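Chains as they are written, first to last, in our numbering: chain A, 1 to 108; chain B, 1 to 447.
Keep in mind the hints are simulated off the structure, nothing from the lab.
Bear in mind the structure is a predicted one, so any value in this text is a computation, not a measurement.
One or more hints might be untrue.
Pulled a few chain B residues facing chain A out of the computed Cβ check, cut under 10 Å [as the list claims (entries may be wrong)]: (1) Leu-71; (2) Ser-73; (3) Gly-74; (4) Ala-75; (5) Pro-77; (6) Cys-118; (7) Arg-248; (8) Leu-344.
To be clear about the criterion: a stretch of chain B counts as covered by chain A if any three or more of its residues have a C-beta under 8 Å from a C-beta of chain A, and this derived list gives those stretches [as the list claims (entries may be wrong)]: (9) 313-319; (10) 346-360.
Think of the CB as a built atom: it goes at the ideal place given N, C-alpha and C, for glycine as much as any other residue.
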Amino acid sequence: MTAAPGGASSADASSADAATTVIADEIRRILAAATGRAEMLDIPADAPLFGQAVALDSLTGTLLLREIRERFGVDVAGEDLNLDALATLGTLAAFVGERAPGGPGEAG
Amino acid sequence: MDSAVTGPVESGRVEPGTVEPGTVEPGTVEPGTVEPGRVKAGAVKAGAVKAGTVKCVVWDIDNTLLAGVYLESGAEPPPADPGMATVLRELAGRGILHAIASRNPPAAAEHAAQVTGCEFAAAECGWGRKSDAVARIAAELNVAAGALAFVDDDPYERAEVTFALPPVLVLSPEDMADAVGWPEFSPSVVTPEGRRRGAMYAQRRRRLAAERSFGGSREEFLRSCGTRVTIAAASVADVPRLHELSERTSQFNSAGADLAEDEFGSLISSPASGVLTVRLRDTFGDDGLVGGCVTEHGAGTWTVRLLMMSCRAMGRGVIEALLAWLARSAAREGAQALEVPCALNDRNVPLRLALAAAGFRAAGDHAAGDHAAQGQAAGDQAAGDQAAGDHAAQGQAAGGQAAGQATGRGGLGVPGGAVGPGRAVFRLDLGGPLPELPGWATGPGEP
Numbered sequence: 001m002t003a004a005p006g007g008a009s010s011a012d013a014s015s016a017d018a019a020t021t022v023i024a025d026e027i028r029r030i031l032a033a034a035t036g037r038a039e040m041l042d043i044p045a046d047a048p049l050f051g052q053a054v055a056l057d058s059l060t061g062t063l064l065l066r067e068i069r070e071r072f073g074v075d076v077a078g079e080d081l082n083l084d085a086l087a088t089l090g091t092l093a094a095f096v097g098e099r100a101p102g103g104p105g106e107a108g
Numbered sequence: 001m002d003s004a005v006t007g008p009v010e011s012g013r014v015e016p017g018t019v020e021p022g023t024v025e026p027g028t029v030e031p032g033t034v035e036p037g038r039v040k041a042g043a044v045k046a047g048a049v050k051a052g053t054v055k056c057v058v059w060d061i062d063n064t065l066l067a068g069v070y071l072e073s074g075a076e077p078p079p080a081d082p083g084m085a086t087v088l089r090e091l092a093g094r095g096i097l098h099a100i101a102s103r104n105p106p107a108a109a110e111h112a113a114q115v116t117g118c119e120f121a122a123a124e125c126g127w128g129r130k131s132d133a134v135a136r137i138a139a140e141l142n143v144a145a146g147a148l149a150f151v152d153d154d155p156y157e158r159a160e161v162t163f164a165l166p167p168v169l170v171l172s173p174e175d176m177a178d179a180v181g182w183p184e185f186s187p188s189v190v191t192p193e194g195r196r197r198g199a200m201y202a203q204r205r206r207r208l209a210a211e212r213s214f215g216g217s218r219e220e221f222l223r224s225c226g227t228r229v230t231i232a233a234a235s236v237a238d239v240p241r242l243h244e245l246s247e248r249t250s251q252f253n254s255a256g257a258d259l260a261e262d263e264f265g266s267l268i269s270s271p272a273s274g275v276l277t278v279r280l281r282d283t284f285g286d287d288g289l290v291g292g293c294v295t296e297h298g299a300g301t302w303t304v305r306l307l308m309m310s311c312r313a314m315g316r317g318v319i320e321a322l323l324a325w326l327a328r329s330a331a332r333e334g335a336q337a338l339e340v341p342c343a344l345n346d347r348n349v350p351l352r353l354a355l356a357a358a359g360f361r362a363a364g365d366h367a368a369g370d371h372a373a374q375g376q377a378a379g380d381q382a383a384g385d386q387a388a389g390d391h392a393a394q395g396q397a398a399g400g401q402a403a404g405q406a407t408g409r410g411g412l413g414v415p416g417g418a419v420g421p422g423r424a425v426f427r428l429d430l431g432g433p434l435p436e437l438p439g440w441a442t443g444p445g446e447p
């Protein structure tokens, strides 16, 4: 990944943040489609995915992980056996961002 | 990818040696020359194929299910092919599902259902590739490609599906008279649930359509359609279905293994273990026995040796209800923790998601030896009881297999999995507030 204009090390960090934000938005759209609930588009980054607001279960969780693998090439369940990455929307987006091919994790 | 297949096959004649390995016809494969997943049944020695691997047959319509071409028959569409109709009924009676992948309009699928007198669990009608249609059917029905057979009279379509989806068993209509006798199409047990499977998938399609048009949350939907989850102690009469479930489940199977009928029988009669059944019904239909578990009641810990559920019950509140009931019952009996040793493979991610959603955490490092030791400890706690001794042996077997000797399913061991070797123990601390049993669920000890 090419650094943002003026690419210093701080710019690298902010481009990683920007990528995570993009991924988080994509995850919101996946959740909205998987649950059929438009309010998923507005959930905050610190919303627990297994908590009341999102209430991820095995069905929606499986759909979510399948979509993430297709869109970002990241097999969350394969790399995170305990599924800690699913704590919140933010932790999941960061996890995916670090591992997505061409994402900030590879730009190093 | 397409062109590699199209060249030699479009003429309808396949020259051995000139095509991709995946496109060879049944009976022409030398054992050992292709990957196991691509070997067709006719070429496999008896005993090499596990009985009943095919859960669903995906059918073409023209010149396969029908004796003719749907769109070329004028006002009167062709009748069912009598031979195929017989095969359909025979396989449905064994609990094998049927689905349709056709380039015809959807009305052709309805016609095929009418003239064959058979329910189809899924129908994909459209102009895309057949392999894509087959993959969509696998996703919709929640079955692996290796549990599908595909029947089409067109050699091009057969080659395309074989090439794109090597695990699928690809057959011509002429193969089918023979194939009904193959082990792939011969499940070892057929239960009442199994015989009604086709009808239940039809109910499922109606339920999914209703859910899509329902405005509220899934929980509200489950309430609105009168979902009832009934947890009960297993009886001897439940053993065939429990065995069948243990054999058929993979997405919701904690052990990644099946249990023989006599093992269930001895566990039911053992005071040191509990065997539970879970039944599910709603206003769309009665799904019967869809889940079960085997528990061991240690002094401070309840251990779930096997937790399993039909993927048909996914998203209907069943696994949540069962985990809540287990936690509440274990706490009532004085246990401080509920543990679910779980095989880690790429197929049972849905179960791991359900455990994580219910608040279970996987404990530390997943060294295989730890679990053998736990199995031994559980056996020691109930010293002298034979069933508990069996568990100790199973724990040790699991440890050995996880160390790299996996030979497939069998007993409470560990099958090979793409995620990597091993197991993890998912643990729920019962010291905190207990989960509520959902209002649609009932079980022993609960009002």
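Outcome of the hint check:
1. Leu-71: violated (34 Å)
2. Ser-73: With Cβ-Cβ at 40 Å, over 10 Å, it is violated.
3. Gly-74: Result: violated, 42 Å to nearest chain A Cβ.
4. Ala-75: Constraint on B/Ala-75 not satisfied, violated at 41 Å.
5. Pro-77: Check failed: Cβ of B/Pro-77 comes no nearer than 36 Å to chain A, outside 10 Å.
6. Cys-118: With a minimum Cβ separation of about 28 Å from chain A (threshold 10 Å), the hint on B/Cys-118 is violated.
7. Arg-248: violated (17 Å)
8. Leu-344: holds (5 Å)
9. 313-319: holds (count 3)
10. 346-360: holds (count 10)
Violated hints for the displayed structure, listed by number in ascending order: 1, 2, 3, 4, 5, 6, 7.
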